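Novice: All chains, full assembly: derive it from the sequences and hints.
2 protein chains.
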Amino acid sequence: MNHLINNIAKTLACDSIKASITDGVFGIEKENVRVDEVGRMANTPHPGILGDKFRHPFITTDFSESQVEMITPPLTSIAEVHGFLETLNDVISENLGDELLWPQSLPPLLPDEEQIPIAKFGEEGIHKEKYREELANKYGKERQMLSGIHFNFSLSDRLERKLCKAIKWDGNQDNFREALYLKMIRNFMRYRWLLVWLFGESPEADPSLKMKSLRTGEKMKMGCRKAVSIRTSSAGYRNAEEYFVDFNCLASYKESVKNLVDSGKLLLDEELYLPIRLKFEPNSQISHVEVRILDLDPFEKSGVSKISLYFMHLFMLYCLFKEEEDKYSETEQKIAAKNHDWVACSGLNPELLLKDFNGNNIRIDKMLQHILSDIKNFVQLSGITDNKNYLDALNKNEDLILNPDKRSSLKVKQQIEEEGFINFHLNLAKKYKTESEMSGFRFHGFEDLELSSQLLMKAALRRGVEFKILDRSENFISLHRGDKTEYVMQATRTSLDNYSSVLMMENKLVTKKILEKAGIRVPCGLDYMNAKQARSDFDLFEGKGIVIKPKSTNFGLGITILKENNNEEVFKRAVDIAFEHDNSILIEEFVAGKEYRFFVINEKVTGVLHRVPANVKGDGVKTIRELVTEKNKDSLRGRGYRTPLEKIRLEEAEAMFLEDQNLNFESVPAKDEIVYLRENSNISTGGDSIDFTDEIHPSYKEIAAKSAKILGVRITGLDMMIEDISKPATDHNYAIIEMNFNPAIHIHCYPYQGQNRKLNEKILDALGF
Amino acid sequence: MNHLINNIAKTLACDSIKASITDGVFGIEKENVRVDEVGRMANTPHPGILGDKFRHPFITTDFSESQVEMITPPLTSIAEVHGFLETLNDVISENLGDELLWPQSLPPLLPDEEQIPIAKFGEEGIHKEKYREELANKYGKERQMLSGIHFNFSLSDRLERKLCKAIKWDGNQDNFREALYLKMIRNFMRYRWLLVWLFGESPEADPSLKMKSLRTGEKMKMGCRKAVSIRTSSAGYRNAEEYFVDFNCLASYKESVKNLVDSGKLLLDEELYLPIRLKFEPNSQISHVEVRILDLDPFEKSGVSKISLYFMHLFMLYCLFKEEEDKYSETEQKIAAKNHDWVACSGLNPELLLKDFNGNNIRIDKMLQHILSDIKNFVQLSGITDNKNYLDALNKNEDLILNPDKRSSLKVKQQIEEEGFINFHLNLAKKYKTESEMSGFRFHGFEDLELSSQLLMKAALRRGVEFKILDRSENFISLHRGDKTEYVMQATRTSLDNYSSVLMMENKLVTKKILEKAGIRVPCGLDYMNAKQARSDFDLFEGKGIVIKPKSTNFGLGITILKENNNEEVFKRAVDIAFEHDNSILIEEFVAGKEYRFFVINEKVTGVLHRVPANVKGDGVKTIRELVTEKNKDSLRGRGYRTPLEKIRLEEAEAMFLEDQNLNFESVPAKDEIVYLRENSNISTGGDSIDFTDEIHPSYKEIAAKSAKILGVRITGLDMMIEDISKPATDHNYAIIEMNFNPAIHIHCYPYQGQNRKLNEKILDALGF
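Protein sequences, first through last, are from chains Z and W. Heads up: take any position in the first sequence, counting from 1, add 113, and you land on the working numbering. Heads up: take any position in the second sequence, counting from 1, add 113, and you land on the working numbering.
No wet-lab data here; the hints were simulated from the structure. The model shown is predicted, which means the values in this text are computed figures rather than measured ones. The hints are all genuine.
The list cannot tell twin chains apart, which means a pair is met if one copy fits it or any two copies do.
Using 20 Å as the maximum straight-line C-alpha spacing, the simulated PhoX-like pairs for lysine-lysine come out as follows:
| hint | residue 1 | residue 2 |
| --- | --- | --- |
| 1 | Lys626 | Lys597 |
| 2 | Lys597 | Lys819 |
| 3 | Lys621 | Lys581 |
| 4 | Lys685 | Lys278 |
| 5 | Lys278 | Lys123 |
| 6 | Lys339 | Lys524 |
| 7 | Lys281 | Lys657 |
| 8 | Lys657 | Lys278 |
Specialist: So, in structure tokens, the structure goes:
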């Protein structure tokens, strides 16, 4: 027991440590059994749409082909790692067809053992498959169908360096790391019963479930009346016996694991089903710890709540800083193991007795009180009290300790009694599936990124393309698969485009000049640097519909539309107004029609969209206010640009616009009457986006594709005015307004009306992933 | 004579016409004979470095292989067209080796006629060559060596449309155009004698010059005692007889030219050497008029002054608006031709008599007075008085009319008498060559563009790549040759680079992350979004040299350098200062050494530059003030970023900086002592740029090239800190600071010390031109 490490809590006095105490790196692995609509294990292959399970970094199968495994990358915040996991759930759910993800650690309805399929990995995975067959023989396939969550955790490099410095460590960084992590593991082993007590979520199995007894080899029903976690109990997902491993230093730890394998007790070291494991880098340095004690939480779509993860992190830090009174002896280990088992099997019993490390029996409530005050003390010392997330987690779990009946395990048990094991979990599974579909546009934990970027990341996640966020506020990410790397900003600014094409698009004047020269119709016109010249050009535009505008338009300021231009004075005044907003203006022909956005990838139009102002459709009964409330319930509508559409507001601008129509919020529109609440069609003020990709006459798509080709552009959002999309393009019934070099994709994926054009997938296709 | 067209001057009452009256399109073609250092025609082939003369749009040969022809594209201002011509002179001069451009219309020392080479155009140009051989037989090769200037002019489309509308033209636009241009030509023919009188510049030939008489076929000396323009005289570059052409409508014009060819009087219609010709588009529409009456002005580097071109334009407009009293009959034509000939041959005679169109003899001074007042009257009516350029041109030529002895022709004559024909012109040729070299960094007429863009355009001009300016203020141009088009902004933002590479460079944080990952050394460090975290990280940087700076640095504000960082309070204060300037800061290691700019094209380093602060080198005699004055004489130094270097200032900042060294402007530095006048090394404050491309250890070039490769960048300006450029790079003696996506090229082409790295040429190479 290293003195410096044991007393590391002293460093908590130091502001520098406090500032970095919650820095960490987190990862989650989770399994769910796929089930059919009545709760039977799905006996189908792993869905091909989720990519190559052998190479996919995020989605694979576990023991069984029917067991989906989700793996997050290492991430630097609980919010991100939880969000990533939730998004994995969403993406998998959306791509499972009629199947569902089973939200409970204990299995659904299983077929006969021989029909439980071991995951297939083909030629390359033959080793893996062999190993799993041996496990099936040893543990029974039913036991292997138990599913759980692994929480991976390491300290941040910054915190580790600060700690090393603060305690004046005299050895090298590797030794320090080793001492630190082993201490954390030892304390974790000692106090892990608390996590089982708090987070156990597998109190009762389906009556049909029988598992091979590891002692007798016979199939047996599972269950204890007061269990909180059958999965982590001695009857659950465990080795045949409790193997003792020496955690006091790395060498002895490795030695004891090796002995277990050499003696034939374990097939491989990974068969050692410890509640916590030390993980290594390829270069044998310690990478992180893997906490394997968490059951799936059926009340959470993603199987674990964010608040539980915050507590887990807190608990790991507690274990790191908690002073050890003694070496972690075999005696202590045995006591810790017993405590774990007792809690797992009888954790619902308020009078349960555990043992302290002196071998004294202590009532569970006393044990809880003691450790709670110890953790609270640590939180106080460490300054984590400043962080609301951790404080909430502490408070919530304090509440469970003070009110044990509030624990999830009890609720699960009660619900099973009410609805039956299968039905209860099946209903939740269905609910989660719907929820996943409703947040299809979102990458949880990364909601601060633009929706377009979130969508691109989701597509990457589905197909197993890894990504890194290089500059979050800029939506700058890199995408990786094998040797291939691509850098993408704002989802559509990619290496596909060459710089000069982008510069052409960025400059409306240049775009127009080039398109016009190539025979594409653009609003023709002239640009002026001085007002005198512009004012004197009335003749040139007399009798024509024109728009007079500052060269750089901002929110429409300084723009005048003259539909007939037959008054020279009005014309001159409009010129002057435009010059008040810029030192250069444009006089352009007025183009009639509606504006459509064409999304073009590699000279192919992949989406056509038109926006209409905020509106409601009457039913002859409801008021405008009621209709708006109803329309706003759509999960696509939110506030603050974090959803594809914005909620329609009932504010002054809307009231005024209605007033102009002799209406107000309480008016009742006739059945099928459409009432507009705004003049402008911006999505940001509640406008609707409507997909016309299939309805529009193909001639316009050809023009859009040709325009992209002329500018040498691979990805663009082209805005075109069109008089009538059902009629073919002539040389005067359309005009291209501009081409955007960073067009949004989410509007085409989640329009108000129309289908998802999956532009995120198409961009990844174009990038060659 | 169309009434509406004849009375078109009425439209001058209209503001709309006045506002556009000087709008026009202009072009110049000019020939110069190449001569050797003693004034003999150069008997060498057209220089290969000036590209393929058969396809070059700007530089070719005329009749003789020894005669360079320069052709500007059509441009919309006199300033541009004159600048383009001047730049053509510069570029050709710079690439002629020891040869010079002969600045006089009349030829230099010619060899025997058979040794005057007809321009070679190879297989493709065989027709052209044949025609020229026939001309040689007919006119004698010596006559074909006369050189001149053609001024091409058309009205702007805008002015033409306005005029058409203003006079309520009842026919179509083509008829209007025809009537307009023919009227302009007729009046030009009538009054052209004025231009000869004003701008004749070939009063006397070299005594050695003999030309074939078109009447007798014998070789004869040329000259009249009072000639102003031998070239445009009847003995000069003219048809064998005066052919009369009917200018009254387009059909009769075409018919009369056809008759001349059909009758064998002309080989081709282009042999009709009229003082003005009508030019057509490929679709037979009128394109412009070509005025062929101007001699080379020996007193101008480019052969014609800008002010003369403004007057030419004015004169063309005068001809357009001037009412015709009568049809342009054969009688009128004959009188006009005679007037021309008399002025050409005897224009220096103040008592010369011309004829009016009634056949009366009128003294030249009266004729001049009359036309001057007529032109002034037009200028008054047309509102051109508002335009200083035209007013200056009018005033200058009025002065010549009032003081005929001020005319160039007289000066030329006097100088020839003083120095001899050959010496006088040879000295001027040498002077122009030096001037061209000194303005090597400039594209005249386009000085408002960035120097990098001017240089790129010069390289394009040399190799015959056409270019258009798409957005002048943005330095956005397109380059064209054959089917190939490239769009370039600011000289270095091209299609070679892909968008995501540019975005990586644009984001310093991302650049660093990517380079660092690839093992390239960058200043390592951390970025912070909140001050508390940054302040608490003192430990991590204790004892290290660091730089604390706002993420987006602006003129160095908010940056603190802590060379040893051993005081926590100072560290925290520096963090706070940085946060005062941005909501995100960087703490980076301090990198020692000097900063070098590497210009990389296609993973090859093409220039390495280092900048030093404004300085002077003492000679033990001169004061700092005198040394600065001397250093500032360098033509590379100017003010306002229009030259590669800026003049060193002697202002407060410099005075203060000297004061710190106990010096002032009157101090006398010792011989070879270098005195700095500024701390910062910016070029904008008089700093020097020094080329180290050949001196730097190659290992740094490899690193720069590798960095470009890692980011997938084709063109970049990479900034690297280097401790000692003579020693090879290790993993700690350099660091890359940033990579610029729009690096300047002129600094590498015109450094204070070192050779021209011709990056403009290299970029065009890279673009495939």
